[in-house]
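Visitor: Chains as they are written, first to last, in full-length UniProt numbering: chain P, 1 to 524; chain F, 1 to 524.
Honestly, I wouldn't trust all of these hints.
Identical copies carry no separate label here, and so any pair may be met within one copy or between two of them.
[Claimed, not checked] 27 Å max Cα-Cα, derived DSS-like pairs, lysine-lysine:
id: 1; residue 1: 429; residue 2: 401
id: 2; residue 1: 365; residue 2: 339
id: 3; residue 1: 443; residue 2: 330
id: 4; residue 1: 415; residue 2: 514
id: 5; residue 1: 192; residue 2: 291
id: 6; residue 1: 415; residue 2: 517
id: 7; residue 1: 372; residue 2: 429
These are calculated hints, taken from the structure and not from any lab test.
Here is how the chains run, residue by residue.
Protein chains: 2
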Amino acid sequence: MLVKPAHALYDFLAEAGNNELSVKEGETLTITNRSIGGGWIEAQNSRGDVGLVPEDYIEVRNGLLVSAIDENVNLPLSKASNGNDPWSVWNSDPSGGADCDEWDDEWDDSTGGYPESESGEGGAMQRGGAHAPSMKISLNKFPGFSKPGPELYLLCKQPAKGKEKLTIYMGEVGPVWSYPETQLDCVVADPKKGSKLYGLKSYIEYQITPNTTNRPVNHRYKHFDWLYERLLDKFGSAIPIPSLPDKQVTGRFEEEFIKMRMERLQGWMTRMCRHPIVSCSDVFQIFLSYKDEKDWKTGKRKAEKDETVGVMIFTTIEPEAADLDPVEQKCEQFSRFTKAMDDGVKEILTVGNEHWKRCTGPLPKEYQRIGKAFQNLSSVFNSSGYQGESTLTDAMTAAGKTYEEIAQMVAEQPKKDLHFVMETNNEYKGLLGCFPDTIGVHKAAIEKVKEGDKLVAAGKISTHDKVTMAKRVSTMSYSLQAEMNHFHSNRIYDYNRVMQLYLEEQVKFYETVKKLKPRMAHYI
Amino acid sequence: MLVKPAHALYDFLAEAGNNELSVKEGETLTITNRSIGGGWIEAQNSRGDVGLVPEDYIEVRNGLLVSAIDENVNLPLSKASNGNDPWSVWNSDPSGGADCDEWDDEWDDSTGGYPESESGEGGAMQRGGAHAPSMKISLNKFPGFSKPGPELYLLCKQPAKGKEKLTIYMGEVGPVWSYPETQLDCVVADPKKGSKLYGLKSYIEYQITPNTTNRPVNHRYKHFDWLYERLLDKFGSAIPIPSLPDKQVTGRFEEEFIKMRMERLQGWMTRMCRHPIVSCSDVFQIFLSYKDEKDWKTGKRKAEKDETVGVMIFTTIEPEAADLDPVEQKCEQFSRFTKAMDDGVKEILTVGNEHWKRCTGPLPKEYQRIGKAFQNLSSVFNSSGYQGESTLTDAMTAAGKTYEEIAQMVAEQPKKDLHFVMETNNEYKGLLGCFPDTIGVHKAAIEKVKEGDKLVAAGKISTHDKVTMAKRVSTMSYSLQAEMNHFHSNRIYDYNRVMQLYLEEQVKFYETVKKLKPRMAHYI
Numbered sequence: 001m002l003v004k005p006a007h008a009l010y011d012f013l014a015e016a017g018n019n020e021l022s023v024k025e026g027e028t029l030t031i032t033n034r035s036i037g038g039g040w041i042e043a044q045n046s047r048g049d050v051g052l053v054p055e056d057y058i059e060v061r062n063g064l065l066v067s068a069i070d071e072n073v074n075l076p077l078s079k080a081s082n083g084n085d086p087w088s089v090w091n092s093d094p095s096g097g098a099d100c101d102e103w104d105d106e107w108d109d110s111t112g113g114y115p116e117s118e119s120g121e122g123g124a125m126q127r128g129g130a131h132a133p134s135m136k137i138s139l140n141k142f143p144g145f146s147k148p149g150p151e152l153y154l155l156c157k158q159p160a161k162g163k164e165k166l167t168i169y170m171g172e173v174g175p176v177w178s179y180p181e182t183q184l185d186c187v188v189a190d191p192k193k194g195s196k197l198y199g200l201k202s203y204i205e206y207q208i209t210p211n212t213t214n215r216p217v218n219h220r221y222k223h224f225d226w227l228y229e230r231l232l233d234k235f236g237s238a239i240p241i242p243s244l245p246d247k248q249v250t251g252r253f254e255e256e257f258i259k260m261r262m263e264r265l266q267g268w269m270t271r272m273c274r275h276p277i278v279s280c281s282d283v284f285q286i287f288l289s290y291k292d293e294k295d296w297k298t299g300k301r302k303a304e305k306d307e308t309v310g311v312m313i314f315t316t317i318e319p320e321a322a323d324l325d326p327v328e329q330k331c332e333q334f335s336r337f338t339k340a341m342d343d344g345v346k347e348i349l350t351v352g353n354e355h356w357k358r359c360t361g362p363l364p365k366e367y368q369r370i371g372k373a374f375q376n377l378s379s380v381f382n383s384s385g386y387q388g389e390s391t392l393t394d395a396m397t398a399a400g401k402t403y404e405e406i407a408q409m410v411a412e413q414p415k416k417d418l419h420f421v422m423e424t425n426n427e428y429k430g431l432l433g434c435f436p437d438t439i440g441v442h443k444a445a446i447e448k449v450k451e452g453d454k455l456v457a458a459g460k461i462s463t464h465d466k467v468t469m470a471k472r473v474s475t476m477s478y479s480l481q482a483e484m485n486h487f488h489s490n491r492i493y494d495y496n497r498v499m500q501l502y503l504e505e506q507v508k509f510y511e512t513v514k515k516l517k518p519r520m521a522h523y524i
Numbered sequence: 001m002l003v004k005p006a007h008a009l010y011d012f013l014a015e016a017g018n019n020e021l022s023v024k025e026g027e028t029l030t031i032t033n034r035s036i037g038g039g040w041i042e043a044q045n046s047r048g049d050v051g052l053v054p055e056d057y058i059e060v061r062n063g064l065l066v067s068a069i070d071e072n073v074n075l076p077l078s079k080a081s082n083g084n085d086p087w088s089v090w091n092s093d094p095s096g097g098a099d100c101d102e103w104d105d106e107w108d109d110s111t112g113g114y115p116e117s118e119s120g121e122g123g124a125m126q127r128g129g130a131h132a133p134s135m136k137i138s139l140n141k142f143p144g145f146s147k148p149g150p151e152l153y154l155l156c157k158q159p160a161k162g163k164e165k166l167t168i169y170m171g172e173v174g175p176v177w178s179y180p181e182t183q184l185d186c187v188v189a190d191p192k193k194g195s196k197l198y199g200l201k202s203y204i205e206y207q208i209t210p211n212t213t214n215r216p217v218n219h220r221y222k223h224f225d226w227l228y229e230r231l232l233d234k235f236g237s238a239i240p241i242p243s244l245p246d247k248q249v250t251g252r253f254e255e256e257f258i259k260m261r262m263e264r265l266q267g268w269m270t271r272m273c274r275h276p277i278v279s280c281s282d283v284f285q286i287f288l289s290y291k292d293e294k295d296w297k298t299g300k301r302k303a304e305k306d307e308t309v310g311v312m313i314f315t316t317i318e319p320e321a322a323d324l325d326p327v328e329q330k331c332e333q334f335s336r337f338t339k340a341m342d343d344g345v346k347e348i349l350t351v352g353n354e355h356w357k358r359c360t361g362p363l364p365k366e367y368q369r370i371g372k373a374f375q376n377l378s379s380v381f382n383s384s385g386y387q388g389e390s391t392l393t394d395a396m397t398a399a400g401k402t403y404e405e406i407a408q409m410v411a412e413q414p415k416k417d418l419h420f421v422m423e424t425n426n427e428y429k430g431l432l433g434c435f436p437d438t439i440g441v442h443k444a445a446i447e448k449v450k451e452g453d454k455l456v457a458a459g460k461i462s463t464h465d466k467v468t469m470a471k472r473v474s475t476m477s478y479s480l481q482a483e484m485n486h487f488h489s490n491r492i493y494d495y496n497r498v499m500q501l502y503l504e505e506q507v508k509f510y511e512t513v514k515k516l517k518p519r520m521a522h523y524i
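So here's chain P without its partners, still in its complex pose (with noise of 0.2 Å):
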């Protein structure tokens, strides 16, 4: 068997228990079993330790593991691979064949800060630069890795109709989506361990359970990743469809981790369940209430092979009004808002970060310090031997304990309500992230109808085309209003919330804080 030597490309920190391999960035590692799947590779160290390291963390050259390692090599664990978990039967590339798994594991990058402090993974290890949470740009969905411009909408043959139509209604606001009478919704709860591999890897499974059938079904990350993609090729021209909560390679099984990630898992689901066009759509539904794996086989598989995806969706697109002119000036209205609300957003999450790492850190550990200090100097005081101390030195141990309580209450108090103040403002920032592309879209299409005549003048487009396109755009700024609306009314409606609960969560600890003061009154 012939070896070659391989790199680490980052620093990786092994889960305890999980056959996991720790290398630093650098490192020189032989790969032993590059077939383990599920985006891990088996490598040993110069020490002669092995274990799993992720695939990415590994040198790659176009594309392709570097694994210095001959083709021949035995594959012990190759048709094992393909075992246990149900997902591996799957290719989520829609042009690729099945029966391999070339399903991401459930790590990525990781935001610095605020969720870190939480889960307390200060000097956890990541992979890569932290990005912040925005669309992804799904490149091997697109050819040649940028997305179609609108003209592919614009100038495209009348398409054959399906049975999607997504209806636009005049509102009170102006256009608004067509929205169910019921609100989909659904509980992202009771996450579970699983492992496959033969217990190699392990994993973590959510149970997601729908108001409509109110029958739960399994969900792993990357499950949710997959519907992410789906819904990002499917709508992402004309809705923003936020980034997953964030991906992290380190702390993955660690409780604080879990909850924190079923919580923004739960966040994103709801998000999309208030979608009138997401939580409608096909692939949403077979995602949260196929009936057996055969279902959702044929679910999956559909999914990945609709071609109404990317500006093709417009084609769906059916306003039950007059055709628009270009709303040019709305759209730039609507582009100076969300750039002003995410610049906000981002100011907030700062500053929050910062007062939350202050409350949590150093602030209770100074009230601590003072009120030890304070009851230090009061049993010297016991020591004296000299008469009448004790109403000095019950005072000071009261100032004392009372400087211990303020410390624990500090603590906690972000828990309470700056935690979901964060949340909410994390949330927003990843959707306004993806503003920019869903109006760059727009605005692309406004251009090009702007050029109708050069081009039919060019003979590069027949007048009909131009009126056509003139049609679509008015289609698509219909779109863009009612999506407006919608982010807008679900926006007011988000953040009354969490101004209620942080005002609620405020009064209750000026309630506590005022339990203190007959406490000090008493030794006045």
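Chain P is already provided as a structure; the job is to place chain F on it using the hints.
Guide: Just chain F now, kept in the frame of chain P:
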């Protein structure tokens, strides 16, 4: 005129408009006039700038200014230096002649931390290393730069009884000093800027009004320093005389600094007034209530010629009770207590200082930023052009404003409650720093008596001397115990007061915080 280079020993930052010259440590200077007086010399730097520099900042050899200047240099201000300032005609050294100004000027080391953050001189240049307030060893007053041991008193011939007589009675708690019927008190107020050397040098003069005469007298900081030196010389072996508030070279004409110095001089004077022995002493009385310049000059000279100093103070102490066996155990207990209290006090100062800095610096800034972030987002929302924003934005603005109020409350609170805690503990830190010396004198005396038989056998002392020694150690024991009891009763009084004030301010704080609740609740 022959001039040779001299060197600056420390950085010195010139006061603006005061004819001073900033120098850097190690900088080469030319002394242009060494006869300015008042502790100042005139120097020229390499750039040709001429100005006044504190004498002590220039390289000194054998206690003499290495002025590197010919003795024949003309001294244009040598007469002027004894002109306007009535203080300049007296000499603080009783062995020296009158009519030359040997006063140190109003500068010295500064402690870092808490007081600095108040006077806003974080980056101020300071002379030498900072030192904690503690008993100043008055080297030039004790021959050979070391204090005489207690044997000077233990073995002295019965000194001619003067009018001084410090009686000790047996009180409820044990030996106590004889307290005057009316407790002396004074008010330090009304700092005014004065000048001398034809306006070349400025200084601050404080008005001190004792409750006995109700007639104010004026004193500069250096006069307080003179008093401190006298009290230390006279009583230091029996009574801990705390150092004056720190001297400081920079910022001494800044309003905040003057206010702080005045407050601390008040604290020091109050403590001295409260001491039955110190307050009744001639030197303290003349300082507080001299009738006119002549009266003061006479009193000052007399004080400087007082020979009942150092351990000889014990010759004036007359316990009205039977002789005591040496009280080693009590002495040890008191030693342990003051050490433990010193540690406790220093801990409070350390954590208090940190807390002070946090509460006046980063914490309110953070609250302000959070407040601003909420209000900014609220403004963005108001610009949406969407209906139904106002309930939400009102709540967000209110939350933002509340944060700004919290910022102010947090920033102002330390001045209200922590300030007094810090000042009192700072004073006690200085006082406690004197106890090792005071207790040390007593322990040395006990050791001497223990050697009694050996000394008699060696023919070094007579049997009569041994009996005298035992009797005199008894007097010292009474004195120590009287001082212990004075310390304890004052400590309980001071700390009761500080805790009362502290708790009152805390209650006020919680009252204010409470008012935030209905404001918040209004939006729920």
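Visitor: All hints, please: hold or fail.
Guide: So, going through the hints one by one against the coordinates:
1. 429 with 401: between (41 Å within a copy, 24 Å between copies)
2. 365 with 339: between (38 Å within a copy, 26 Å between copies)
3. 443 with 330: within (11 Å within a copy, 90 Å between copies)
4. 415 with 514: both (20 Å within a copy, 21 Å between copies)
5. 192 with 291: Only inside one copy: residue 192 and residue 291 sit 20 Å apart there, 91 Å across copies, limit 27 Å.
6. 415 with 517: Both ways: residue 415 and residue 517 sit 24 Å apart in one copy and 19 Å across, limit 27 Å.
7. 372 with 429: Close across copies (18 Å), not inside one copy (41 Å); limit 27 Å.
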